[in-house]
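*Asks:* Sequences and hints are given; from them, build the entire structure.
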Amino acid sequence: MERINSPQTLEEFRQAVISKRDPNQAVITICTGTGCHASGCHQVVAAFKKVLSEHPEGKRVNLRMTGCHGFCEKGPLVVLHPKKILYQKVKPENAQEIFEETVLKGEIIDSLLYAHPTTGEKIVHEDEVPFYKKQMRIIFGNNGSIDPASIEDYIAVGGYRALPKALLSMTPEAIIKEVKEANLRGRGGGGFPAGVKWESCRKAHGDTKHVICNADEGDPGAYMDRSLLEGNPHSVLEGMIIGAFAIGSHEGYVYVRNEYPLAVINIGIAIQQAKDLGLLGKNILGSGFDFDVKISRGGGAFVCGESSALVASVAGDVGEPRAKHIHLVESGLWDRPTNLNNVETWANVPVIILNGAKWYAGIGTEGSKGTKIFSLVGKVNNTGLVEVPMGITLREIVYEIGGGIPGGKKFKAVQTGGPSGGCIPESLIDLTVDFDRLTEAGSMMGSGGMIVMDESTCMVDVAKYFMNFLKDESCGKCTSCREGTKRMHEILTDISEGKGTIDQIDLLGELGWATAEASLCQLGGTASNPVLSTLRYFRKEYEDHILNKRCLAKVCRSLLTYRILSEACKMCGACAKACSADAIIGKKKSKKVEGIPYKIDAEKCIKCGMCFESCKFGAVEVQ
Amino acid sequence: MIPFVIDGQPVEGKEESNLLQVALDAGIEIPNLCYNESVKPYGACRLCLVEVVRNKRSRLTASCTYPVQPGIEVHTRTDKVLRARRMMMELLLAMCPGDQRLQEMAKEMGVKEVRFKKGDKDCILCGLCARVCDEVVGAHAIQFYSRGDRREMGAPFAGEAMNCIACGACVIVCPVNVIGMEEKADERTITRWKRTLKMKQCKVCGNTFAPWFQVENFREKANLPKDFFDVCYTCRS
Amino acid sequence: MNPSEIDTIIERYEARESAILAILQDIQAKEKYLPKEVLEQVGQRLHIPINKIYRIATFYRAFSLTPRGRHEVCVCLGTACHVRGAQRIVYQIGIELGIRQGETTKDRNFTLETVNCLGVCASGPILAVDGEYFGNMSPIKVEGVLKKFQPDPSDQKEASNGKD
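Residue numbers (numbering that gives the first Met the number 0), protein chains in the order written: chain A, 0 to 622; chain B, 0 to 236; chain C, 0 to 163.
Everything labelled a hint here was simulated from the structure, so no lab data went into it. Some hints here could point you the wrong way.
Below, simulated DSSO-like cross-link-like pairs (lysine-lysine); rule was C-alpha separation at most 30 Å, straight line [what the hints assert, rightly or not]:
id : chain 1 : residue 1 : chain 2 : residue 2
1  : C       : Lys29     : A       : Lys90
2  : A       : Lys121    : A       : Lys82
3  : C       : Lys140    : A       : Lys553
4  : A       : Lys293    : C       : Lys31
5  : A       : Lys548    : B       : Lys55
6  : A       : Lys603    : A       : Lys615
7  : C       : Lys146    : A       : Lys603
8  : B       : Lys55     : A       : Lys176
9  : C       : Lys51     : B       : Lys120
10 : B       : Lys117    : A       : Lys498
11 : A       : Lys588    : C       : Lys140
12 : A       : Lys202    : B       : Lys120
13 : A       : Lys569    : C       : Lys140
14 : C       : Lys29     : A       : Lys293
15 : A       : Lys603    : C       : Lys105
16 : A       : Lys576    : C       : Lys146
17 : C       : Lys51     : C       : Lys31
18 : C       : Lys146    : B       : Lys120
19 : C       : Lys147    : A       : Lys293
20 : C       : Lys146    : A       : Lys569
21 : B       : Lys13     : A       : Lys323
22 : B       : Lys193    : B       : Lys120
23 : A       : Lys90     : C       : Lys147
24 : A       : Lys323    : B       : Lys79
25 : A       : Lys539    : B       : Lys55
26 : A       : Lys615    : C       : Lys146
27 : A       : Lys498    : B       : Lys120
28 : A       : Lys569    : A       : Lys615
29 : A       : Lys274    : A       : Lys293
Since the model is a prediction, treat every value here as computed from it, not as a measurement.
*Replies:* Below, the structure written as structure tokens:
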């Protein structure tokens with residue numbers, strides 16, 4: 000590929016790419032995001048490759064591996080263009096039939112279609128599936144159509160149109176003004192207005208400035224940034240170049256978690272391709288602006304998602320945060336003015352520049368503009384990544400997009416904001432999703448993790464889980480965070496084991512308050528949110544664990560008793576075989592032997608639950 | 000000089016100095032453990048918390064790491080401040096219940112009970128020893144390792160501190176006195192870092208005055224005549 | 000690891016002090032752990048004192064100072080997986096292999112790790128062995144998965160020792 004030196008040449012290149020593509024050509028897109036990877040999408044890809052290579056018509060069909068589509072529950076996903084027919088849970092053996100029937104003859108295979116969970120109605124086109132219908136995929140939408148390792152795919156769908164506009168028809172001040180008016184707030188969790196941050200960085204003293212992309216997505220249960228970086232890395236890169244131009248920075252870094260090897264590879268490919276084409280590096284598009292990006296990998300530390308810890312890590316040190324009375328925009332990486340933004344925030348920039356602040360501000364609520372990508376996971380039917388306009392209600396997300404709770408169970412709460420957030424109960428399910436509304440309810444937007452919980456989730460256990468995570472991930476520097484999370488976890492463990500006392504509830508509150516107030520960074524500063532929010536809305540559960548030594552959700556192992564109902568026991572012996580502690584006695588029934596109903600020795604029982612899992616007759620009772 | 004107010008009292012601080020130092024200089028007492036003038040402020044113990052009002056917004060913060068700003072109002076003894084400090088003390092006591100200094104400070108602060116399971120540590124993880132070793136002495140013998148509630152202070156690979164020159168600076172600076180130094184015959188031991196070094200004898204008076212390792216270390220770094228370090232300080236003068 | 004191998008890795012990053020994390024990651028990937036002598040050499044080459052290198056090596060979970068097992072068994076403890084019972088998978092593996100998180104079996108066949116989110120929430124709970132994902136796990140499926148990675152019957156004696 001030859002280097003592009005002007006906006007005109009870029010447009011010519013774009014037209015050349017588009018003209019080589021027949022809009023009516025059959026394209027088979029297969030999701031190869033990490034979720035589908037676990038469901039075996041690579042075998043599906045291999046199967047299609049084989050079918051296409053063996054059939055004479057196969058040459059006319061384009062096979063494209065894309066990033067994550069978002070509908071992870073129904074993977075592996077295959078979408079057939081141009082009609083956008085969606086097939087879900089595709090197996091390698093379906094490849095032949097899909098090619099011969101649908102691609103060649105236009106016949107739909109019913110069994111592979113998405114079926115509406117209540118009406119049973121089969122839906123053919125991707126756009127009509129309820130999961131996608133209510134979404135507004137202005138950032139994530141292209142994930143389904145492009146091969147992340149192809150810059151041409153990105154350009155063909157309109158990528159790198161914002162870049163020439165920003166670099167050659169706008170001034171840095173105008174760009175900042177646009178981003179400010181759009182009110183783009185940080186998507187990593189802080190919610191700080193990006194335009195304001197850019198402006199402060201631009202004004203800061205210093206010739207060398209840095210822009211950083213924070214891809215250290217650490218919230219357990221959140222994988223939006225991963226899918227964006229893996230599936231559409233150029234969208235993030237384009238945003239960074241525009242931001243760097245606005246701020247006056249020539250050196251950028253993408254800090255990617257160690258646990259995301261595919262993201263590291265794909266952003267690396269994107270950077271190289273952009274460089275080869277002249278969209279990155281010296282004199283971009285003939286504008287005179289130089290900008291280069293390097294990749295920095297994390298080492299497995301959640302705290303490195305905190306901006307000052309991240310910067311320390313890039314500089315080759317431990318990820319220990321520092322007091323931020325002097326902001327990063329004044330003095331950050333190697334004491335230089337540094338602007339740090341989240342992956343999704345950067346991906347919003349080209350969209351704003353291209354369509355204008357007014358259009359962008361028309362989406363969302365008063366205080367929260369634009370869309371947000373959430374990872375909707377847990378006890379919900381349609382697990383996956385969803386992009387919705389700010390202001391949508393939790394009910395719409397959980398029920399209309401998410402398809403409700405599986406197994407007909409009852410909704411209990413939805414956890415937002417990861418370990419820094421809180422649980423929102425059923426009574427608030429009509430809450431609008433908005434930075435400020437979520438904070439008022441005792442939670443926060445966070446990076447976008449949305450964990451749905453049902454009646455079989457124990458809220459004490461949820462608080463304990465988050466506290467265990469935080470105490471592990473704390474850097475350990477300040478007393479309040481290190482000891483505070485440790486002690487909160489200790490108390491929650493006592494409560495979950497039936498050893499808690501009622502005064503410990505108030506102690507949790509006081510400890511939570513002190514940890515939040517006294518800690519140096521926001522890990523400690525928000526560490527008590529999971530505890531305080533579950534206490535606020537589910538106090539009765541805590542009391543039940545303490546006073547009645549009971550876990551109604553049947554999660555806290557020490558409070559459970561396993562019993563075999565002798566009337567229901569079919570004497571098959573499966574439980575005794577599965578028992579990890581040799582605690583089940585009885586005799587297996589066979590043609591020759593009478594059989595004795597099995598019984599659990601309570602003294603030996605370690606409550607692992609294997610008997611419950613192995614019994615096909617429901618004879619094991621858990622209380 | 001930057002003017003501001005502490006507890007209603009007007010004070011002044013040099014640019015880039017911190018609130019804690021200005022307060023202490025002005026005779027205002029703020030409890031602290033991990034602060035020492037000889038090294039950069041760290042902000043680990045969280046005892047020196049104060050309330051700072053700036054641009055009409057108030058927040059609780061560690062005074063040792065807060066740079067002086069014009070026009071701020073600092074409050075060192077509000078209910079909120081005292082409540083938070085007490086919890087920090089309680090947490091430290093739960094961690095190191097045997098420390099005498101902690102017990103004394105707790106008494107002064109009004110911390111009467113420890114409502115958490117008592118641990119058995121003695122080091123409060125303030126980092127002063129490592130900070131002095133890195134920033135002042137330059138021996139780089141010890142550092143923090145691991146993270147979170149497994150964080151500890153010690154020598155690399157948890158063995159003998161091979162870069163330690165047994166100068167004793169860490170022993171002096173430790174606020175809870177848990178490092179320990181012993182001198183027996185012609186050897187000095189820094190107990191906690193399991194480091195024993197032979198002391199160098201003065202060519203003139205015959206007394207031992209500094210560990211071999213330390214002397215050799217300085218001899219390399221200092222720009223002085225090579226036999227400067229063969230004589231002890233007393234005899235040199 | 001011989002000095003020239005270490006040099007190759009260091010030169011890959013132009014011997015920059017700030018690249019210490021990346022250098023250690025490359026060593027970890029090659030050796031499956033960070034040997035003490037290698038760390039000392041890296042420190043000398045980059046002019047970083049060993050106390051800082053040790054601090055970095057013990058701060059980040061990506062690094063191990065003791066040799067890891069042949070197979071890395073990784074249980075996802077992301078919130079979605081947790082809510083679907085991931086903790087019981089860890090517990091069950093503990094019963095099967097006799098090790099806890101971060102530990103390696105005596106026969107050095109398995110190392111048990113937990114991770115805070117693999118990003119495969121739709122198929123949770125997830126068990127990943129050497130990067131191969133096993134979705135929709137339950138405690139009863141653990142034995143079957145682990146069997147795939149047990150050493151040959153010819154090393155049976157070794158394997159049964161590991162269960163202690």
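*Asks:* Now, for every hint given, state plainly whether the structure supports it.
*Replies:* Each hint, compared with the structure:
no.: 1; hint: C:Lys29 to A:Lys90; result: violated, 35 Å
no.: 2; hint: A:Lys121 to A:Lys82; result: holds, 16 Å
no.: 3; hint: C:Lys140 to A:Lys553; result: holds, 21 Å
no.: 4; hint: A:Lys293 to C:Lys31; result: holds, 26 Å
no.: 5; hint: A:Lys548 to B:Lys55; result: violated, 47 Å
no.: 6; hint: A:Lys603 to A:Lys615; result: holds, 23 Å
no.: 7; hint: C:Lys146 to A:Lys603; result: holds, 26 Å
no.: 8; hint: B:Lys55 to A:Lys176; result: holds, 27 Å
no.: 9; hint: C:Lys51 to B:Lys120; result: holds, 23 Å
no.: 10; hint: B:Lys117 to A:Lys498; result: holds, 17 Å
no.: 11; hint: A:Lys588 to C:Lys140; result: holds, 25 Å
no.: 12; hint: A:Lys202 to B:Lys120; result: violated, 48 Å
no.: 13; hint: A:Lys569 to C:Lys140; result: holds, 22 Å
no.: 14; hint: C:Lys29 to A:Lys293; result: holds, 23 Å
no.: 15; hint: A:Lys603 to C:Lys105; result: holds, 26 Å
no.: 16; hint: A:Lys576 to C:Lys146; result: holds, 17 Å
no.: 17; hint: C:Lys51 to C:Lys31; result: holds, 21 Å
no.: 18; hint: C:Lys146 to B:Lys120; result: violated, 42 Å
no.: 19; hint: C:Lys147 to A:Lys293; result: violated, 40 Å
no.: 20; hint: C:Lys146 to A:Lys569; result: holds, 29 Å
no.: 21; hint: B:Lys13 to A:Lys323; result: holds, 20 Å
no.: 22; hint: B:Lys193 to B:Lys120; result: holds, 18 Å
no.: 23; hint: A:Lys90 to C:Lys147; result: holds, 23 Å
no.: 24; hint: A:Lys323 to B:Lys79; result: holds, 21 Å
no.: 25; hint: A:Lys539 to B:Lys55; result: violated, 39 Å
no.: 26; hint: A:Lys615 to C:Lys146; result: holds, 23 Å
no.: 27; hint: A:Lys498 to B:Lys120; result: holds, 24 Å
no.: 28; hint: A:Lys569 to A:Lys615; result: holds, 9 Å
no.: 29; hint: A:Lys274 to A:Lys293; result: holds, 12 Å
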